[in-house]
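K.L.:
Same order as they appear, the protein sequences are chains A, B and C. With this note's numbering, you'll find the first sequence wraps up at 997, consecutive numbering, no jumps. With this note's numbering, you'll find the second sequence wraps up at 457, consecutive numbering, no jumps. With this note's numbering, you'll find the third sequence wraps up at 1799, consecutive numbering, no jumps.
Quick caveat, the hints were computed from the structure, so don't treat them as lab data. Keep in mind that the hints are not guaranteed to be accurate.
[Unchecked claim] Keeping only pairs whose Cα atoms sit at most 25 Å apart, straight-line, the calculated PhoX-like set for lysine-lysine is:
#, chain 1, residue 1, chain 2, residue 2
1, C, Lys1502, B, Lys217
2, C, Lys1744, A, Lys830
3, B, Lys156, A, Lys984
4, A, Lys789, B, Lys388
5, C, Lys1744, A, Lys823
6, C, Lys1644, C, Lys1696
7, C, Lys1502, A, Lys823
8, A, Lys789, C, Lys1502
9, C, Lys1644, A, Lys830
10, C, Lys1502, C, Lys1644
11, C, Lys1502, C, Lys1696
12, B, Lys388, A, Lys785
13, C, Lys1644, C, Lys1626
14, A, Lys892, A, Lys785
One letter stands for each residue in the lines below.
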Amino acid sequence: MITLIDGLSLGSIYALIALGYTMVYGIAKMLNFAHGDIIMVGAYAIMVTLAATVSPIAAIVAAIVICTILGILVEKLAYKPLRGASPLAVLITAIGVSYFLQGLAQLVFGSQPKPVGSAWKLPAIEAINSLGITTAAAVTLVCGIIIMIALTLFINCTRTGSAMLAVSEDRGAAILMGVNVNKIISITFAIGSALAAFAGMFYLFQIPNTEPTLGAMPGITAFTAAVIGGIGSIPGAMVGGVLLGVIEKFCLASPLAPYTVAIKFSLLILILLVKPTGLLGKVVREKV
Amino acid sequence: MGKINIKIKPKHLVNYSIVLVMLLIGVVMLETGNLRPSIAQLFTQIGYSIILAVSLNFVVGFLGELSLGHAGFMCVGAYIGGLSAVMLKQALGASAKLPVLVIAMLIGGLSAAVFGFVIGLPSLRLKGDYLAIVTLAFGEIVRNVFMNQKIFGGARGLTTGSLTYDTRRAPTLFIVTFIVALVMLIIIQNIVRSKHGRAITAIRDNEIAAKAMGINVTFYKLFVFIVAAFFAGCAGVIYAHTTTPVLYTFFSYNYSIEILVMVVLGGMGSITGSIFSAMFITIVNFMLQSQLSGDLASLRNLIYAVILIVVVVFSNAPALKSFREKYSLGALFAKLFRGKLSDPAKRKDDEAKWDRVPTKIKMDALLSTDLNVDYTPARPEDLNGGKEGK
Amino acid sequence: MKKTLSLVLVLAMALLVLAGCGGNGETGSVDGYTANNTEYFIGGTGPLTGDASSYGISVQNGANIAIEEINAAGGLNGVNFKFDIKDDQAAADKASTAYDQLFEAGMQIAIGSVTSGSCEAFATKAASDSLFFMTPSASAEICIQAPNAFRVCFGDPDQGVLAAQELVANYETIGAIYDESDTYSTGIYEAFEAEMANLGKEYTVKTFNAENNKDFSTQVEALKDCDVIFLPIYYTEAGLIAKAVVAKGSDAVLFGCDGLDGVAGQIDETVTNQIKYITPFDVNSTDATVSAFVTAYETKYGSKPDQFAADGYDAVMAIYEAMKAAGVNDVTIAPDALCEAVTAAITAEGFSYTGATGTMSWDASGAATKVPVIIELNK
């Protein structure tokens, strides 16, 4: 039971990251490999602001602002010039951006893990803690659900959201309908990066250490989650993320623990072989 | 296959001679007693980097599928080939260095090729980003599995100390390495220039059209993955002969990226480019190892990242297309040898022209038009992606 | 046809070259790298960059202090020492390249490598050259198998056995968490496992993979009711486990090995659990040698030394003492000759060295015999 809660809470972190991947993929048709490293930048932003202001709220706000700006910047500088180029070229550039952010963080903050600081902690909540559930897990789970609901509402009930849906559905038609695709893509990157900042925040609640490679593994796992759920599909990312989180935690609790990584990724390969578009993905007919 | 008709093209000859020249320099230094073991080891590293870069280029540059798991194949070769070499050495005695290496290389290469087949299977149903992530996942799975096998030493790594090929007086492993590189060049270059090579590049340029032309896409995709994996496995066996212990940490995703940087820097689809950039990056790594200390070493990663971004953006950005065509090396050569190169049949037939690869999703062309200006219909050739028609 | 022929010729030439050189090859120059030495050259490799860089840099700093101390006191018969540590990023292939570079630069004796994996590569090369080395911190048994290999730190199995005995004697329910991806951690754990079986004591064990997973809630959840959790791991992960233990409301004692040295900087006042670890080095010790070292280190580097720094200091000092005992007085002495003399001196009856990590002596196995101390944090 507690493993399930832990798994759900880890899963909601994955789901938040996976949402960023899937939204960008759905709209810009590209795999933003650097997304995981935005989480890392968010975590460092929290650490630095916390050291300066001792206010967790300020730290969270700073992280969200910095990540959002960074997301838009990366899109403008690295990805926009390549729009229309081969998907392979875009993917390699994204890998380059990811490497760049990691290298930069290492240069600035050093490669050693750093504790985020003692001001970064959640109050104990007796009612939950007595059940064996940590506050961090509970907060992550609840906030994760709230953010996902808010995002679903945003996409389905606002004009910008409908424009995003339209662009991902049929870009050409969206352009003809007067949608400003460049703006929509920027907004998508901004939202995705802000979600990454939230993911970074929850990550730090569970693991209060920052390091330059912090985002790599959650990033890849979350991407796996997005692909399992069907990339481009927002409910798919949520399902995939939660599924992977739960599976990971149950693996760790079982005798198969040493093979957790192998199991996680084998699952990806299996699902893609059986259903190449993922669990909730749409089948796209390829035309010449 | 028909009759074997081997011709050496001038461009291929260039590649053979680069490797041969390095081999000869090494041998001359060895014979005159000037070859220090550290330099010999650098030669070996250059050799297996060339093998890795060219074989990855075969997948990325010629087949057009991004593989982020090349280090995984090397890992398979290093562990399985390394273990079999250790066992062979016990069976054959310490004097049989070369036979052990050759047999182990076959075993390591073949077992990597089996994994190449396994990874080739998803490539039949997936492509592009999906396949890239599957190969990445494969690399992680391989590492995770080997790490947990007691027979391969577990977290401690596979001890291959008894295999050390180089001695202080006779560091000769680089000779074997360059010969393997040469064999690989002969095989891959002759595949590339044969009808099979044209089939492979046809799949890269337009898979559906290739299928329609009756090309056996299944066969060729698997074939390319198997060949590339085989040579990456061989490189792994060589690695196991230079280093003890063989440890899973070496074959991380970062190493796959490093190989990819070599391919991208040298130019996708250019074998000569891959050879030169493999040499360049290995030498730079070798020199930086003792120069940068502390966290400054991350500068190296930063430089790789910048190389990746700048090279790819420059050579792919639609906006820079006209600039590239004016000032590229190819254009310079075309001016110099107008008569020779203007014949389309003689033009670089095995070099990827990434900027001309038609996009499969038609809408990408629409996106490349600047939407802040009044919307103008995209040029017909962009819309149709060159030769394609709906 | 002509081209086929040339291809065949190319291949034949390559094979000839191979046949010519693969077999005999007694050609390269080898001796005399040390002929131009004007100082005794101690070499070594360690991770100065990358994830494990803190260990390498500590060893480097500690060793530099020892070298300064030796040279200030007039060196060995008036000949100074020089020390060079090359970066190996804790990777075996880089360690063996670095070894060759050092050897060709005239290295006569070494402190080996800082981490176990690199040290195995270093030891393989050193064994074929008969070069004496005294590793400060590579604790895997394979590193000191050769007769020319010695170490300052405890071995992995020793710590595992000691921990098992200590835990069984003092606690009722025992849990353990180790890093299955790490040489050091699995080395200690395997010995611990064997000794626990030997003592007939049941315990619960959980693993993690530091490369991929740093969320310890699942492992801690399974072990939160234990009296003590054995952590044969490094301090950054131990700090995270300590926080996870607090979050789960467990009051288990955390018991670790020398890798836990430095955990105090990773935890804050919320962690009230008792933390104990086996270590040969106590930075707060009042012992004269230790406090002199700590003062010198703080003056030079502005921070307190950790155990790796102390190990690095001791490795260089022990080499110096052994060379003194062996009566070495030729600055151009070849590595193999030096190795023979120093090995004889260091394994001789009655040779012992007292440094920052206690008093130690060596036998032919290469392992140091010294008394472990168990340090307690929080109370």
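K.L.:
Take the hints in turn and mark each one as holding or not.
P.N.:
Comparing the hints with the structure gives:
no., hint, verdict
1, C:Lys1502 x B:Lys217, "41 Å, violated"
2, C:Lys1744 x A:Lys830, "55 Å, violated"
3, B:Lys156 x A:Lys984, "46 Å, violated"
4, A:Lys789 x B:Lys388, "15 Å, holds"
5, C:Lys1744 x A:Lys823, "42 Å, violated"
6, C:Lys1644 x C:Lys1696, "17 Å, holds"
7, C:Lys1502 x A:Lys823, "34 Å, violated"
8, A:Lys789 x C:Lys1502, "54 Å, violated"
9, C:Lys1644 x A:Lys830, "20 Å, holds"
10, C:Lys1502 x C:Lys1644, "51 Å, violated"
11, C:Lys1502 x C:Lys1696, "37 Å, violated"
12, B:Lys388 x A:Lys785, "19 Å, holds"
13, C:Lys1644 x C:Lys1626, "12 Å, holds"
14, A:Lys892 x A:Lys785, "11 Å, holds"
This entry does not satisfy hints 1, 2, 3, 5, 7, 8, 10, 11, going by the numbered hints stated previously.
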